[in-house]
Amino acid sequence: MAHDHHDHDDDHPDNELDPVTARVRALETILVGKGLVDPAAIDAIVEAYETKIGPRNGAHVVATAWTDPGFAAWLKTDATAAIASLGYTGRQGEHMRAVFNTEGEHNLVVCTLCSCYPWSVLGLPPVWYKSPPYRSRAVIDPRSVLAEFGLGLPAYTSIRVWDSTAELRYLVIPQRPAGTEDLDAEALAALVTRDSMIGAGLARAPGKA
Amino acid sequence: MAHDHHDHDDDHPDNELDPVTARVRALETILVGKGLVDPAAIDAIVEAYETKIGPRNGAHVVATAWTDPGFAAWLKTDATAAIASLGYTGRQGEHMRAVFNTEGEHNLVVCTLCSCYPWSVLGLPPVWYKSPPYRSRAVIDPRSVLAEFGLGLPAYTSIRVWDSTAELRYLVIPQRPAGTEDLDAEALAALVTRDSMIGAGLARAPGKA
Amino acid sequence: MNGPQDLGGQMGFGLVAPEVEEPVFHAAWEKRALGLTLCASALGKWTIDESRHARESLHPADYYASSYYEIWTKALEALLLRHGFITAADLAAQRAVDLVPGPSRILTADNVAAALARGGPCDRPMATSPRFAAGDRVRTRRTHPTGHTRLPRYARDCVGTIEAVHGGFVFPDTNAHGAGEAQEYVYTVVFTGEELWGEAANPGLTVSIDAWESYLVPA
Amino acid sequence: MNGPQDLGGQMGFGLVAPEVEEPVFHAAWEKRALGLTLCASALGKWTIDESRHARESLHPADYYASSYYEIWTKALEALLLRHGFITAADLAAQRAVDLVPGPSRILTADNVAAALARGGPCDRPMATSPRFAAGDRVRTRRTHPTGHTRLPRYARDCVGTIEAVHGGFVFPDTNAHGAGEAQEYVYTVVFTGEELWGEAANPGLTVSIDAWESYLVPA
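Chains as they are written, first to last, in numbering that gives the first Met the number 0: chain A, 0 to 208; chain B, 0 to 208; chain C, 0 to 218; chain D, 0 to 218.
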């Protein structure tokens, strides 16, 4: 059982493993061998973040806020409860705060000290979010960082950076794109990219979705 | 000529070179091949720092200061000139300052930003002086650093750390050990260790030299 | 600690490299590393603060040369060793050779969904009133603790404004070292770019941190 | 720049490891690396400030994983490439395949002793008077320049006392980038441990830096 790795998609004879694969596999073998880890639990965790807990959750929150002023108001005052009402709770989303972009102010989220990220609404963070270039520069030179995402903000838009140094997790509510008056919540959600909910992008214009 | 490395003491067939040796050798081959570097000049530089420019220069300065109050006074007010009067000048010693240990204050020299060091009187710096543990900790926790050198200072001795951030190079003049009244300058110089001139040690007691 | 994790304002790491249509995982080992980390934390012997400190305690050369799941894996080994779940002999043999002291309640597959949905709230009731209120001007402390802290170096000894009061939260600086939850009020404190970075700051920039009360003094 | 070189107060690098009876060199390649660095600098196309900046511009993972002579060697390659003395083709071939634009006056063996004894003084005459005098209280600037600077991060925005005025010296912040020597007065500024590190500082500690005049404002 401890060596039962036939369901891994990079299976090789042990002497061909790259060092990090070998290291992680050894650790799993040890912990499963000691009865400390259930490999099926790992599978279930992976499946949850691959199929259930991802940025579509956050897009649902954003589209609801765009279409329901009462929900938007609730999201502003108690994001944890408002988001939970849509069914999104739990790990790395226990204490949520929603921050709303306006014409005058753009929000950008970072965790300079590790990689804090609102898993319950955005899933697992992308590599760039966890990497030193973003973590080091988002707080000191966000305009250049945004430019590397192809996002050139007007000079009159101020930038507010949220460094997630405590257990609050931030969800950026991007501005609703123009020309979306006739779209329903589901169609709107399709315009909401993951990056736009971090602040590294904007919601897509309709027709480009 | 460019491949004439027979005088290197770690010579191996090229396919056995460790990567850094191969990298440096390639660079030398390129530069010599272009006529930009004279390999004999490298030999002369190495010989100078292996045989002529080293901590015995500094020990001579210290012993002279211990035995000649006029020299000590000159060293305090114009270290560059006083040291030059003993024949020690030049690279990484162009602008010298001597700092004198007392019963109440111990001096310690570091370069947090690179590895500035008074080559003309101490030669090339030891590995620890250039390494992150020393450079990071000497300014924030010198007592622990000194303890790692086996140097426990009394609580009443304050510590003055000199971070060599500009082109001034610092030579610590350790306290003259007790019981050395009868020793001449040459015998005294033998008590002056390299580390004592950085502040990472004291001069040796006589009889232990 | 002023460790490799404290990246705000550091330079020399190059450009941000967003990946188009990035997959959730880039290799199968990443999936196992994530799962192992969550399953091991479910054993209940360490806190998220202790695990963060284990990660930031990697040698800086190792931290900066490692991907984030590699950092997690290396820290996980350290935590498992520290708490007696594994031994150096286990790691050398790459299998379980030493017995575990006692039985553990482990995370099973059928409990994963509920455990993820539950999470691990860190808010705690407070018996006292908050020292600061929204609008107050505060100065962050000039401290350089050798242990875990969540006050980044770039935001120390800076004057900002309390923007929100968030109630009590477990204090990482003690909790990471087994010294108790010692909950304190947390505040969102907002700084101008000029205050943090000087005259050359991005125009119109403000940056906030979430700060525990003991990180702050009245300005 | 807030790069990997700015180590004062950083943590996580472990203990200092003094070596008993340490040799001047630990490997033959170190001798060649030192000699190459000095010979190449004698070509006269870059300053010591530019070479320091080339070293601190290594990626932090590389910087912290490299010995100091390795750092020198990697920076030397960058400098030689930048100034056209070598090409990527030379490096790939590990021999000289591209020609050098013109003749250079190189350091020959018979000139080494004189060159080392001469060094490269960095003091320069000043036409103005120093702004500060010994005993003055000054505050270091809160700056985070992206280029080279010799004001370490731990000593920014701190109040100290001018202890000595040293005359004019080449200004590294401009000189490293080919923007001129722009000499300024240099001062030794001394700080208490508490000012730099807060209440937990080593008792009785004072630390000084040597600061160019534009790093300082009256306190």
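Incorrect hints may have been included.
What the hints assert, rightly or not - Derived, one-sided and incomplete: chain A residues facing chain C with beta-carbon distance under 8 angstroms:
#	residue
1	20
2	40
3	42
4	52
5	69
6	91
7	93
8	100
9	135
10	141
11	144
12	160
13	161
14	201
Stated by the list, open to error - Cβ pair distances, simulated, as ranges:
#	chain 1	residue 1	chain 2	residue 2	range
15	B	83	C	217	53 to 61 angstroms
16	C	194	A	146	21 to 29 angstroms
17	A	204	D	179	47 to 55 angstroms
18	B	184	D	94	45 to 53 angstroms
19	C	145	B	186	39 to 47 angstroms
20	C	138	D	202	48 to 56 angstroms
21	C	77	D	179	20 to 28 angstroms
22	D	194	C	108	15 to 23 angstroms
23	D	21	B	184	24 to 32 angstroms
24	A	99	D	162	50 to 58 angstroms
25	B	180	D	125	43 to 51 angstroms
26	A	99	C	217	26 to 34 angstroms
27	B	68	C	193	49 to 57 angstroms
28	B	34	C	193	46 to 54 angstroms
To be verified - According to the in silico footprint, chain D covers these stretches of chain B (three or more CB under 8 angstroms from chain D):
#	stretch
29	23-30
30	64-74
These are calculated hints, taken from the structure and not from any lab test.
Even glycine gets a Cβ: it sits at the ideal position worked out from N, Cα and C.
Taking the hints in turn, this is what the structure says about them:
Interface hint status for residue 20/A: upheld, as the beta-carbon distance to the closest one in chain C is roughly 4 angstroms, under 8 angstroms. Taking 8 angstroms as the C-beta cut-off, the interface hint given for residue 40/A holds, the closest approach to chain C being about 5 angstroms. A hinted interface residue such as residue 42/A counts as satisfied when its beta carbon comes closer than 8 angstroms to some beta carbon of chain C; here the least separation is about 7 angstroms, so the hint holds. A hinted interface residue such as residue 52/A counts as satisfied when its beta carbon comes closer than 8 angstroms to some beta carbon of chain C; here the least separation is about 7 angstroms, so the hint holds.
For residue 69/A, the interface hint is violated, since its Cβ never comes within 8 angstroms of a Cβ in chain C; the closest pair sits about 22 angstroms apart. Given the 8 angstroms rule on beta carbons, the hint for residue 91/A holds: about 7 angstroms separates it from the nearest Cβ of chain C. Checking residue 93/A against chain C: minimum C-beta separation of about 4 angstroms stays under 8 angstroms; hint holds. For residue 100/A, the suggested interface contact is broken, since its CB lies about 14 angstroms from the closest CB of chain C, more than 8 angstroms.
The criterion of a C-beta within 8 angstroms of any C-beta in chain C is met by residue 135/A, whose closest approach is roughly 4 angstroms, and the hint holds. Taken as an interface hint, residue 141/A checks out: its beta carbon lies about 6 angstroms from the nearest beta carbon of chain C, inside 8 angstroms. Of the supplied interface hints, the one on residue 144/A holds, with its beta-carbon coming within about 6 angstroms of a beta-carbon of chain C, less than 8 angstroms. Interface restraint check for residue 160/A: the shortest CB-CB distance to chain C comes to about 4 angstroms, inside 8 angstroms, so the restraint holds.
Because the beta carbon of residue 161/A sits about 6 angstroms from the nearest beta carbon in chain C, less than 8 angstroms, this interface hint is met. At its closest, the beta carbon of residue 201/A sits 14 angstroms from a beta carbon of chain C; the interface hint therefore is violated under the 8 angstroms criterion. As the Cβ distance of residue 83/B to residue 217/C is approximately 55 angstroms, the hint placing it in 53 to 61 angstroms holds. Between residue 194/C and residue 146/A, the C-beta spacing of about 24 angstroms keeps the proposed range 21 to 29 angstroms intact.
At about 49 angstroms, the beta-carbon gap between residue 204/A and residue 179/D stays in the expected band of 47 to 55 angstroms. Separation of residue 184/B from residue 94/D is about 52 angstroms and conforms to the stated range, judged on CB atoms against 45 to 53 angstroms. Taken as a hint, the range 39 to 47 angstroms holds for the pair residue 145/C and residue 186/B, whose Cβ atoms sit roughly 44 angstroms apart. The hint said 48 to 56 angstroms for the Cβ distance between residue 138/C and residue 202/D, and at roughly 24 angstroms that hint is violated.
A hinted range of 20 to 28 angstroms for the beta carbons of residue 77/C and residue 179/D is inconsistent with their spacing of about 50 angstroms. For the pair residue 194/D and residue 108/C, the supplied restraint of 15 to 23 angstroms is violated, since their beta-carbon distance comes to about 56 angstroms. Taking the beta carbon of each, residue 21/D and residue 184/B are about 26 angstroms apart, inside 24 to 32 angstroms as hinted. Distance hint check: the CB atoms of residue 99/A and residue 162/D are about 52 angstroms apart, consistent with the given range 50 to 58 angstroms.
Between residue 180/B and residue 125/D the Cβ separation comes to about 45 angstroms, which falls inside the hinted range of 43 to 51 angstroms. At roughly 30 angstroms, the beta carbons of residue 99/A and residue 217/C sit within the given window of 26 to 34 angstroms. About 53 angstroms separates the C-beta atoms of residue 68/B and residue 193/C, a value consistent with the hinted range of 49 to 57 angstroms. Between residue 34/B and residue 193/C the CB atoms are about 52 angstroms apart, so this pair conforms to the stated range of 46 to 54 angstroms.
With 8 residues bearing a CB less than 8 angstroms from a CB of chain D, the stretch 23-30 of chain B meets the requirement of three and the coverage assertion stands. Check on the stretch 64-74 of chain B: 0 of its residues sit with their Cβ under 8 angstroms from a Cβ of chain D, so the three-residue criterion for coverage is violated.
Violated hints for the displayed structure, listed by number in ascending order: 5, 8, 14, 20, 21, 22, 30.
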